[in-house]
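Here's the letter readout for the chains.
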Amino acid sequence: MENTRTVELKIPSEPGFEKMAMRLVSEAAERMGFTPDRVEDLRTAVSEACLNAMRHGNLLDETTKVLVVLTIAESRLAIDVRDEGRGGPPPDAVETPDIEKQVAGLQRPGGLGLFVIKHLVDEAGFVEPEDDTGNRFRMVIYLEPQKEDPC
Amino acid sequence: MLNNEFDVELRRVGEAAIIVLRGDVNAAGEEAMKDAYASATDDGARYILIDLAGAEYINTSGIAVLIAIVIEAQRADQKVLVYGVSSHYRKIFELVRLPMYVEMYDTEAEALSSVGIDPETV
Numbered sequence: 001m002e003n004t005r006t007v008e009l010k011i012p013s014e015p016g017f018e019k020m021a022m023r024l025v026s027e028a029a030e031r032m033g034f035t036p037d038r039v040e041d042l043r044t045a046v047s048e049a050c051l052n053a054m055r056h057g058n059l060l061d062e063t064t065k066v067l068v069v070l071t072i073a074e075s076r077l078a079i080d081v082r083d084e085g086r087g088g089p090p091p092d093a094v095e096t097p098d099i100e101k102q103v104a105g106l107q108r109p110g111g112l113g114l115f116v117i118k119h120l121v122d123e124a125g126f127v128e129p130e131d132d133t134g135n136r137f138r139m140v141i142y143l144e145p146q147k148e149d150p151c
Numbered sequence: 001m002l003n004n005e006f007d008v009e010l011r012r013v014g015e016a017a018i019i020v021l022r023g024d025v026n027a028a029g030e031e032a033m034k035d036a037y038a039s040a041t042d043d044g045a046r047y048i049l050i051d052l053a054g055a056e057y058i059n060t061s062g063i064a065v066l067i068a069i070v071i072e073a074q075r076a077d078q079k080v081l082v083y084g085v086s087s088h089y090r091k092i093f094e095l096v097r098l099p100m101y102v103e104m105y106d107t108e109a110e111a112l113s114s115v116g117i118d119p120e121t122v
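Residue numbers (our numbering), protein chains in the order written: chain A, 1 to 151; chain B, 1 to 122.
Each statement offered as a hint is correct.
To be clear about the criterion: a stretch of chain B counts as covered by chain A if any three or more of its residues have a C-beta under 8 Å from a C-beta of chain A, and this derived list gives those stretches:
| id | region |
| --- | --- |
| 1 | 57-71 |
| 2 | 95-104 |
One-sided and incomplete, this derived list gives chain B residues near chain A with beta-carbon spacing under 10 Å:
| id | residue |
| --- | --- |
| 3 | 24 |
| 4 | 26 |
| 5 | 27 |
| 6 | 28 |
| 7 | 74 |
| 8 | 75 |
| 9 | 86 |
| 10 | 87 |
| 11 | 88 |
| 12 | 89 |
| 13 | 91 |
| 14 | 92 |
The set of hints was computed from the structure by calculation and includes no laboratory data. Model, not experiment: these values are computed from the prediction. Where is the CB? At the ideal position from N, CA and C, for every residue including glycine.
Kindly generate the complete structure, drawing on both the sequences and the hints.
So this is what it looks like as structure tokens:
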């Protein structure tokens, strides 16, 4: 089994604090040898996951926390973002945002976060929390890219 | 607390309004961005140029504000152009297909030239 290390960061549900998670993940990913482009992708993915946890998982209640757990292995970096589940269970599926409908005024602008995350990391999705509380969103990025760059 | 200072500057160059965004482009800047766009529209601008060269951090809430401005601009028969976007954020914009509605340029001079305004006159 691959040797792993974990690093944890707990931040308040207040937009702006996601930047602490971005810095932490940058530091880890740079040390692991990810390219600057992949580090940028990861920073954005972590930022969006934290903001989703703050807004949808914790309803921006500043007494709640978002827990960010990095699991560092030789070939991959996994990031779990956990909220307290105040906003209920996570969505079953990520809908592709329809910018045509948004520009036509048929859909409110937004809903882009999960869609963007899924294109920036190798694996992303909600997983069952071990203690059955809150929501747990897991992202994994491998040192060797696992899929084609969508752009 | 951890947000970079957000600043909006509005300039007029002929029929173009240039909205310069600096700092963090996110939900916190929504009102200021929409106010700048409304002022540009009230002033009769046909072209809305958005300068993102000084935008250090753009999240999807900020992109949603840009989409909201594009919606208003389409209704007002204005053209929206964006310039100064880093390669990373250009990739994100392409992911959400923003370039279907917004023309993207590297520099202000290129954006102005594309709408027939001589950048030398600025």
